[in-house]
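> Each chain, written out:
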Amino acid sequence: MREELQKIENETLAAVQSAESIKALEELKVRFLGKKGVLTLILKKMGGLSPEERPVIGKLANETRFKIESAIAAKSFELEKAALNQSLIAEKIDVTMPGKPFKLGKKHPLSKVLDEVKEIFLGMGYSIAEGPEIETDYYNFESLNIPRNHPARDIQDTFYIDENVVLRTQTSPVQMRYMQSNKPPIRIIAPGRVYRSDNVDATHSPLFHQIEGLVVDTGIRMSDLKGSLETFAKRLYGGEAQVRFRPHHFPFTEPSCEMDVMCFSCHGEGCRLCKGEGWIEILGAGMVHPAVLENGGVDSEKYSGFAFGIGLERITMRRYNLDDMRLLFENDVRFLEQF
Amino acid sequence: MDLSVKWLKDFVDIEIEPKKFAADLTMSGSKVESWEKEGGEISNVVTGRVEEISHHPDSDHLLVCKVNIGKPEPLQIVTGAANLKTGDIVPVALDNSSLPGGRKIKKGKLRGVLSEGMLCSLTELGLSNHDFPYAAEDGIFVIEEPCEPGQDVCSAIGLDDVKVEFEITPNRPDCLSIIGLARETAATYGLPLKKLEPAVRGGAGNISDLLSVEVSSPELCPRYVARIVRNVKIAPSPRWMRERLRACGVRPINNLVDITNYVMLEYGQPMHAFDLRCVGGARINVRTARPGEKIMTLDGVERSLSENMLVIADAEKPVAVAGIMGGEYSGIMDDTSAVVFESACFSGAGVRVTAKKLGMRTESSSRFEKGLDPQNCLPAVNRACELAELLGAGEVADGAIDVDNSDKTPLVLDLNIGWINKFIGIEASADEMRRILTSLDFICEGNKITVPSFRSDVRHKADLSEEIARFYGYDKIPVTQVRGAADGRLTPRQSFDRKVSEVLVALGADEIMTYSFISPKYYDKILLPADSPLRKSVVIANPLGEDTSVMRKTAVPSMLETLSRNYNNRNASALLFELAKEYIPVEGRQLPDEPLKCVVGLYGAGADFFAIKGIVQALLGEIRLQDYLIEAETGISYLHPGRAAALKIKGESAGHIGEVHPSALKNYGIDVKAYIAYLDMSALFENISPEINYAPMPRFPAVSRDLAIICGEETSAAEIEAVIKKAFGAVLEKLSLFDLYRGAQIGKGKKSMAYNLTLRSKERTLSDSDIEPKLRKALKGLEEIGAGLRG
Numbered sequence: 001m002r003e004e005l006q007k008i009e010n011e012t013l014a015a016v017q018s019a020e021s022i023k024a025l026e027e028l029k030v031r032f033l034g035k036k037g038v039l040t041l042i043l044k045k046m047g048g049l050s051p052e053e054r055p056v057i058g059k060l061a062n063e064t065r066f067k068i069e070s071a072i073a074a075k076s077f078e079l080e081k082a083a084l085n086q087s088l089i090a091e092k093i094d095v096t097m098p099g100k101p102f103k104l105g106k107k108h109p110l111s112k113v114l115d116e117v118k119e120i121f122l123g124m125g126y127s128i129a130e131g132p133e134i135e136t137d138y139y140n141f142e143s144l145n146i147p148r149n150h151p152a153r154d155i156q157d158t159f160y161i162d163e164n165v166v167l168r169t170q171t172s173p174v175q176m177r178y179m180q181s182n183k184p185p186i187r188i189i190a191p192g193r194v195y196r197s198d199n200v201d202a203t204h205s206p207l208f209h210q211i212e213g214l215v216v217d218t219g220i221r222m223s224d225l226k227g228s229l230e231t232f233a234k235r236l237y238g239g240e241a242q243v244r245f246r247p248h249h250f251p252f253t254e255p256s257c258e259m260d261v262m263c264f265s266c267h268g269e270g271c272r273l274c275k276g277e278g279w280i281e282i283l284g285a286g287m288v289h290p291a292v293l294e295n296g297g298v299d300s301e302k303y304s305g306f307a308f309g310i311g312l313e314r315i316t317m318r319r320y321n322l323d324d325m326r327l328l329f330e331n332d333v334r335f336l337e338q339f
Numbered sequence: 001m002d003l004s005v006k007w008l009k010d011f012v013d014i015e016i017e018p019k020k021f022a023a024d025l026t027m028s029g030s031k032v033e034s035w036e037k038e039g040g041e042i043s044n045v046v047t048g049r050v051e052e053i054s055h056h057p058d059s060d061h062l063l064v065c066k067v068n069i070g071k072p073e074p075l076q077i078v079t080g081a082a083n084l085k086t087g088d089i090v091p092v093a094l095d096n097s098s099l100p101g102g103r104k105i106k107k108g109k110l111r112g113v114l115s116e117g118m119l120c121s122l123t124e125l126g127l128s129n130h131d132f133p134y135a136a137e138d139g140i141f142v143i144e145e146p147c148e149p150g151q152d153v154c155s156a157i158g159l160d161d162v163k164v165e166f167e168i169t170p171n172r173p174d175c176l177s178i179i180g181l182a183r184e185t186a187a188t189y190g191l192p193l194k195k196l197e198p199a200v201r202g203g204a205g206n207i208s209d210l211l212s213v214e215v216s217s218p219e220l221c222p223r224y225v226a227r228i229v230r231n232v233k234i235a236p237s238p239r240w241m242r243e244r245l246r247a248c249g250v251r252p253i254n255n256l257v258d259i260t261n262y263v264m265l266e267y268g269q270p271m272h273a274f275d276l277r278c279v280g281g282a283r284i285n286v287r288t289a290r291p292g293e294k295i296m297t298l299d300g301v302e303r304s305l306s307e308n309m310l311v312i313a314d315a316e317k318p319v320a321v322a323g324i325m326g327g328e329y330s331g332i333m334d335d336t337s338a339v340v341f342e343s344a345c346f347s348g349a350g351v352r353v354t355a356k357k358l359g360m361r362t363e364s365s366s367r368f369e370k371g372l373d374p375q376n377c378l379p380a381v382n383r384a385c386e387l388a389e390l391l392g393a394g395e396v397a398d399g400a401i402d403v404d405n406s407d408k409t410p411l412v413l414d415l416n417i418g419w420i421n422k423f424i425g426i427e428a429s430a431d432e433m434r435r436i437l438t439s440l441d442f443i444c445e446g447n448k449i450t451v452p453s454f455r456s457d458v459r460h461k462a463d464l465s466e467e468i469a470r471f472y473g474y475d476k477i478p479v480t481q482v483r484g485a486a487d488g489r490l491t492p493r494q495s496f497d498r499k500v501s502e503v504l505v506a507l508g509a510d511e512i513m514t515y516s517f518i519s520p521k522y523y524d525k526i527l528l529p530a531d532s533p534l535r536k537s538v539v540i541a542n543p544l545g546e547d548t549s550v551m552r553k554t555a556v557p558s559m560l561e562t563l564s565r566n567y568n569n570r571n572a573s574a575l576l577f578e579l580a581k582e583y584i585p586v587e588g589r590q591l592p593d594e595p596l597k598c599v600v601g602l603y604g605a606g607a608d609f610f611a612i613k614g615i616v617q618a619l620l621g622e623i624r625l626q627d628y629l630i631e632a633e634t635g636i637s638y639l640h641p642g643r644a645a646a647l648k649i650k651g652e653s654a655g656h657i658g659e660v661h662p663s664a665l666k667n668y669g670i671d672v673k674a675y676i677a678y679l680d681m682s683a684l685f686e687n688i689s690p691e692i693n694y695a696p697m698p699r700f701p702a703v704s705r706d707l708a709i710i711c712g713e714e715t716s717a718a719e720i721e722a723v724i725k726k727a728f729g730a731v732l733e734k735l736s737l738f739d740l741y742r743g744a745q746i747g748k749g750k751k752s753m754a755y756n757l758t759l760r761s762k763e764r765t766l767s768d769s770d771i772e773p774k775l776r777k778a779l780k781g782l783e784e785i786g787a788g789l790r791g
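Going line by line, the protein sequences match chains A and B.
Taken in order, the first sequence gives residues 1 to 339; the numbers are from our numbering.
Taken in order, the second sequence gives residues 1 to 791; the numbers are from our numbering.
Keep in mind the hints are simulated off the structure, nothing from the lab.
Check the hints yourself; a few may be wrong.
[Unchecked claim] One side only, chain A facing chain B, incomplete, derived with CB under 10 Å:
#1 Lys-103
#2 Ser-111
#3 Asp-115
#4 Glu-254
#5 Phe-329
[Claimed, not checked] The following residues of chain B were derived to be distant from chain A, with all beta-carbon distances above 10 Å:
#6 Leu-8
#7 His-130
#8 Pro-146
#9 Lys-357
#10 Ser-465
#11 Asp-487
#12 Ala-695
#13 Ile-710
Every residue, glycine too, gets a C-beta built ideally from N, C-alpha and C.
With the sequences and hints as input, model every part of the structure.
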């Protein structure tokens, strides 16, 4: 039997080695190790052996079985690996072909920049206030030191609904409404639509957006205005942005100023982008005029404050290098999907 | 306001680079828009004396000149002009020279003859004969100024000024003058301001014998000053005056007109000159117009005057509209012999209203509108008379008529040093503050500050603080942060609005922003019935055009307009949304409501009713709005009556969804189907569930059942679903339609709807015996609505 086992072992191992498929291996396994397999048949003959020989042959038979099983497993692993490699090669794709389209929408560029501005001011402790776009003459003008026949009314050509109602020309009336219904300390921004009767062209629109700001508390100084707006500019344009404040005039603030940022393109030297000035105007601001505080029901002896107004279109156009404001309101998807 | 730097130097001794000057004045509050060196575009052009003129050998109309340019050898230059003679001094553009408009001149040959440059005309130097009245309109500019051959032409003809353009804010009419800007310049650099004291010789009789003035409306004319110049000789003004006017952007006309313009620029006081002959009865009356009065103004237009308009009238008729424009027949003529100089102060509001009503704005009216200083009238008219004598333009009559109703009480403010320092955030000394204010002609006596009459913009201590801050230097104010903590956050509604746009963006929609005003015709385009209350909009009284004349009462046309624009721009598809305000007039209230709506628009591949409904349902799911119904709706004018649905929340309409009505599509020029969803943001916001409640993962497996149901076309999915939901109750986890079939197999007028039911119990695995009774109940219910299982 020893020889028989040896012979089975040799034949089987040879057959395993030359097997070419998993299926062939399975057949070998059945042929040698199955219920009616060669090895099984031999083991069935063990009954005829002497008690001394039985354990020896039994051990030998188990070794043979183990060797065959191991060989089959090893060969099977080898064949599987080869088959996998083959299918990996067969499944090769052109990864440079385009991905399947998945369309996300886009926020309007004005919304994107407005969201950014809101985040900056929310982070600085400001809340967001709102007010009507169709506004009374009182809130839009009178209460802000712009009486009837004031020359400043010429600058902002106004759409009228009737003698006393206008399309607001600025977001400043929200300041007044907010002061009248909230006590200091006040820290708000008020973004929204404003209207001026300008004909549409590349840099004008009868409708545009402003972001008003108002801070009122005890001891607010013009130096705080500078600090707050400089912080805003650095957050919007990056820490290296340079700003300057220069005197200006608004009827509802005194002193008033405009804030410029140094031209990103020429760094103050003067170029076409900044029209040779080296600086680009970003916003108007000032210390709230005491008469305006009083109109808002705020004691101007006790409190002071600053206010500012940012043109959203201006900073958006600058952000994306837009040269034509009309694009913002035409809403062509080829434009919108760029942002 | 354009400033001539040469002129400025009459008042301040300053030598400075224009760029630095512009930057410094901008930072002290007089914003410089631009500056330019006159003749800056001209280079390498010199004066030359024509020594010899001969005919070109090969041309009948060309001349060959030898021109002395101060060098040993004369230049040979070919010219076509016929106005030259030997000895003339002319501008010579040398080889490699530049002229205005970027023109370059090089030497070359003209018909075979060498020309070493070009002789220039006035136009080629960027000038006109208003600048040099003696020069020929066409032909070479023969220079009559004293100069030598070889001199730079710009310095020879005085084209070497620097012109600075300022943006002056409306509160500072005093800075619309050379003196005003000189004062700002002096204060900026700490230099003294040289004051002008006009001296008039007079002697040509006395004005009181020649003219009388009455002011009938003193509230509209606080001061009226007149002086008379006799034996007038109309002639061009001298070169220095023409140069200065030109640098300030004013065209020279003749000596008397130029004097009025010169004084207006120098003093900021508009002046008017009347021909005394045309002042009937030698009587001026400053009064309001009489009913039906008319005047032909200088621009040749006849104007009808109304009764609150102030005019300058003679004994009978108006001769000028006060502060705005003179009458055509009372101005200076070539044969004028006596002139009345008017230097008056008119009420700013009065001039503004009149100018607006007449639709005419002039240099004069825009100055008066801002409110001028009545105390400037007399010095200005004296300056005009001084100039008339200086120019030899006439002889001045003694005395002035001065009807003065102005308030001369100066405003005195307290200088509150501590308050100002605290307000600005600086530590300036009292002396420094007084020094600044004094340099601006405020009178400081201790802490009493007298405001000069020309500074009507300074009324409050905050105004004083601005004067101090701008000369202290805005750039020297420290940078500090607001003290104290504050809580900045969005309100729940603001967060909600932001959430809605974020969800729509995630669903693939692009946000749009449209104008709030529309054309009333848009209501026709969306097929609103003639009597629809939606047409009652807020109307703009002075719109830019009919297209933008009413405030939209519905944001739908804005969306349709945008879809149409995209479609016509050949964009294959679009999914857009807008969070849009509408403007709803409210009876008995001054201001309308301004509710916010969410409008979604769609066309293109894959677009159908269920696509837009799916978007709306996804949005409602994401904002956690659970209890809503979507049911058929036929009453929306711009939606297809068979393909429209209302969104109902708690029985109230919160919006609608649908296919755009074919007629509306046609009105918008859209040839494909388009879809609209229209949602009321407040109604949505008020009904969202505030918190997300986690539902535990299911512990027992689900059972899946398919039901194919046959019913008549008129039976709605909602009805079928209601029956199934009722029958299965809480174990029905999900119900979804997966197939819809119409065709021969089931017969005409019928449809088959295949639903998949996901059934699950929270307590145990469901068995057939759990499901069977519910299924029977469902079938019974379906039978009742005329539906049944297929096959």
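> A separate judgement is required for each hint: does it hold in the structure or not?
Taking the hints in turn, this is what the structure says about them:
1. Lys-103: 5 Å, holds
2. Ser-111: 6 Å, holds
3. Asp-115: 8 Å, holds
4. Glu-254: OK, holds: Glu-254 (chain A) within 10 Å of chain B, min 4 Å.
5. Phe-329: 6 Å, holds
6. Leu-8: 20 Å, holds
7. His-130: 29 Å, holds
8. Pro-146: Correct as stated: the minimum Cβ-Cβ distance to chain A is 36 Å, above 10 Å.
9. Lys-357: 12 Å, holds
10. Ser-465: With a cut-off of 10 Å, Ser-465 (chain B) comes too close to chain A, as the shortest Cβ separation is near 6 Å.
11. Asp-487: It is violated; Asp-487 (chain B) is separated from chain A by about 7 Å at its closest Cβ, not greater than 10 Å.
12. Ala-695: It holds; Ala-695 (chain B) is separated from chain A by about 28 Å at its closest Cβ, greater than 10 Å.
13. Ile-710: Ile-710 (chain B) clear of chain A: closest Cβ-Cβ about 37 Å, beyond 10 Å.
Hint compliance for this structure: hints 10, 11 are broken, all remaining hints hold.
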